[in-house]
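Colleague: Spelled out from the first residue to the last, the chains are:
Protein chains: 2
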Amino acid sequence: MSIITVVGAGMMGTAISFPASDNGNEIRLVGTPLDRHIIEHARKTDEHLTLKRKIPDGFSYFQIEQLDEALKDADLLVSGVSSFGVDWFLEEILSVIPETLPVLMVTKGMQDTEDGGLIPYPLLYAQKLDRKLSLYAVGGPCTSYELTDHDPTQVCFCGGDMETLRKIKSMFETDYYHVSLSTDIVGVECAVAMKNAYALAVTLAVGLSQRTEGVDGKQHYNSQAALFGQSIREMRKLLALVGGGDDNLVYGAGDLYVTIFGGRTRYIGTLLGRGLSFEEAMAELEGVTLESIVIATRTARAVRVLIERGKVRSEDFPLLLHVDDIINHKKAVDIPWSSFEVETYL
Amino acid sequence: MSIITVVGAGMMGTAISFPASDNGNEIRLVGTPLDRHIIEHARKTDEHLTLKRKIPDGFSYFQIEQLDEALKDADLLVSGVSSFGVDWFLEEILSVIPETLPVLMVTKGMQDTEDGGLIPYPLLYAQKLDRKLSLYAVGGPCTSYELTDHDPTQVCFCGGDMETLRKIKSMFETDYYHVSLSTDIVGVECAVAMKNAYALAVTLAVGLSQRTEGVDGKQHYNSQAALFGQSIREMRKLLALVGGGDDNLVYGAGDLYVTIFGGRTRYIGTLLGRGLSFEEAMAELEGVTLESIVIATRTARAVRVLIERGKVRSEDFPLLLHVDDIINHKKAVDIPWSSFEVETYL
Chain A
1 MSIITVVGAG
11 MMGTAISFPA
21 SDNGNEIRLV
31 GTPLDRHIIE
41 HARKTDEHLT
51 LKRKIPDGFS
61 YFQIEQLDEA
71 LKDADLLVSG
81 VSSFGVDWFL
91 EEILSVIPET
101 LPVLMVTKGM
111 QDTEDGGLIP
121 YPLLYAQKLD
131 RKLSLYAVGG
141 PCTSYELTDH
151 DPTQVCFCGG
161 DMETLRKIKS
171 MFETDYYHVS
181 LSTDIVGVEC
191 AVAMKNAYAL
201 AVTLAVGLSQ
211 RTEGVDGKQH
221 YNSQAALFGQ
231 SIREMRKLLA
241 LVGGGDDNLV
251 YGAGDLYVTI
261 FGGRTRYIGT
271 LLGRGLSFEE
281 AMAELEGVTL
291 ESIVIATRTA
301 RAVRVLIERG
311 KVRSEDFPLL
321 LHVDDIINHK
331 KAVDIPWSSF
341 EVETYL
Chain B
1001 MSIITVVGAG
1011 MMGTAISFPA
1021 SDNGNEIRLV
1031 GTPLDRHIIE
1041 HARKTDEHLT
1051 LKRKIPDGFS
1061 YFQIEQLDEA
1071 LKDADLLVSG
1081 VSSFGVDWFL
1091 EEILSVIPET
1101 LPVLMVTKGM
1111 QDTEDGGLIP
1121 YPLLYAQKLD
1131 RKLSLYAVGG
1141 PCTSYELTDH
1151 DPTQVCFCGG
1161 DMETLRKIKS
1171 MFETDYYHVS
1181 LSTDIVGVEC
1191 AVAMKNAYAL
1201 AVTLAVGLSQ
1211 RTEGVDGKQH
1221 YNSQAALFGQ
1231 SIREMRKLLA
1241 LVGGGDDNLV
1251 YGAGDLYVTI
1261 FGGRTRYIGT
1271 LLGRGLSFEE
1281 AMAELEGVTL
1291 ESIVIATRTA
1301 RAVRVLIERG
1311 KVRSEDFPLL
1321 LHVDDIINHK
1331 KAVDIPWSSF
1341 EVETYL
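Chains as they are written, first to last, in my numbering: chain A, 1 to 346; chain B, 1001 to 1346.
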């Protein structure tokens, strides 16, 4: 049995602890300053406030002031913060934990650099820290609700050391939570981060068909499939640009698939496709900043830098650039279908 | 204006003629012996019997006895037969047409060989014919209903000569029908044929979630995405095996996507996932032989030959082999989730 301390009591940090708890591990769920009500609610009801699921026995709950207590004798620290919490996590948590404590992050995303690079969080943290930590991350298609409901799920844990990865895997692997392992951190993390722009792109077609069929009308799949195929093409090129292995497309494509079918990214893409402006679409979320929009913007920004520097041709990323035009340059949806046509010689 | 003669008045042969007709070309739709009622119905009503769509002006209709008349001065022959009609098409049509008449086939599929090869129809025809014809084929995600309804569609025409491909493309390309071109016949055709086994595989998860959620309950996407990702992995390996270019995954993934969301393959996969035996599931189709089942079987048969000969490892294709076990070896659905786990080194 291991002791797993989870900082960030949001949906994904909590959900990934379910299989670990099913394996008999002790889970210490620590709320960030934004999670106080989640911790209080869990203490009272043994239910997670936003997941709306009963939390298994074997969980205990901590507010952030009790961090030291929660970290005592811990074997693994899980970061459950979203990409909006990475600076806080760096300053408040990673600066104080023992260097011997491995960290597994569910935070998805990447940061673009001035020279057109894209850096996933484990490597970004490593750059910013003046201490050497053991940083691991989770990629691959997984919605938190379905994980807590034991839907068969396949993800990838990535990080620098395969032996440690195997050890971490042994804490989480169950008959419904399946874990591949990879030392290709850039490949795994960028593959799954890239899906943000492309999930928005594919769901534009959902909205486009609603223009003719009505909101509850039948969906068209030729156009969705065309955008899905083009997404695969551009994601492969992006993977090559960041130096990630081509097989990571498996995680990127799976994550793209799951994102197309659920959540707020689909909702926004559909509204845009239906004809709403980006401002009108975002107004429907009532002030919530969407992680996928932020990451899509970063991805496009990096590609635009590379285009300016002559390292990439704009015609290689017509779909990504169109998504960026829509969300950041007030352009209307006008899918550049013809630019997806290629001539290929054997 | 060109004259396009279409032999095979089924849904896809007719649908692909819509954009060509919109471009002002003359379409001569010729029924096979199985299509008599479709031709008669079209003559009377200008409507297609199974597509249930009004056929544009500029179409004329022929029964098979009028083939010579329909071929007079034709610039292109389109084969609209399904893969069950390829022998008939070879003997009755390809043996009699002028060698100068290029042929574009909508027939999807491939044939396995005794030594574990997979050969697409244009190359199979070329092997069997003792005359030299100009054979081209269409691959990529396209349902006939949606094409006739002008949903934006992106396909690939493939064949040996790029100049001829461009000429054929100019007959079909419209603002809703977009055409890439490729001389990689094996790559394009095998990529889109492979999707048959994998569309069945992914939709097993639809049925699996119905076991707990009920037939009209909410769908689970983690498991579908896991199977989608594994499908991408195995399709890439299959593409490499047949010698097709890796970029053809774009067409394979798009075609997989569209097949998951429509038609009888999804229906059968869902029934199997729900717990029906293969015989019980097929009984629901009342004697219809499903093209996707035939092609999935051929794909698996080729891979099994290669495994026997030590050229391929069975652990590289766990999902394909499980699908084959279900449809050809009376096995129950029991997705080998753990076998999708890999360890990857940077």
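Since the hints were derived computationally from the structure, they do not count as laboratory data.
Honestly, I wouldn't trust all of these hints.
Stated by the list, open to error - Here are the simulated DSS-like pairs of lysine-lysine, each with C-alpha atoms no more than 30 Å apart in a straight line: (1) B:K1072 x B:K1044; (2) A:K237 x A:K311; (3) B:K1218 x A:K237; (4) B:K1237 x A:K169; (5) A:K218 x A:K132; (6) B:K1072 x A:K218; (7) A:K237 x B:K1169; (8) A:K54 x B:K1218.
Colleague: Give a verdict on every hint.
Modeller: The hints, checked one at a time:
Our distance criterion of 30 Å between C-alpha atoms is met by K1072 (chain B) and K1044 (chain B), whose separation comes to about 24 Å. A C-alpha spacing of about 12 Å is found between K237 (chain A) and K311 (chain A), which places the hinted pair at or below 30 Å, so the restraint holds. Annotation: proposed proximity of K1218 (chain B) to K237 (chain A) is violated, straight-line Cα distance about 35 Å (limit 30 Å). For the suggested pair K1237 (chain B) and K169 (chain A), the alpha carbons sit about 26 Å apart, so the restraint of at most 30 Å is met.
At most 30 Å may separate the alpha-carbon atoms for a hinted pair to count; K218 (chain A) and K132 (chain A) exceed this at roughly 54 Å. A hinted pair counts as satisfied when its Cα atoms are at most 30 Å apart, and K1072 (chain B) with K218 (chain A) does not qualify at roughly 41 Å. This hinted pair checks out: K237 (chain A) and K1169 (chain B) have alpha carbons roughly 26 Å apart, not beyond 30 Å. In summary, the hint linking K54 (chain A) to K1218 (chain B) is supported, as the alpha carbons are separated by about 19 Å, within the 30 Å threshold.
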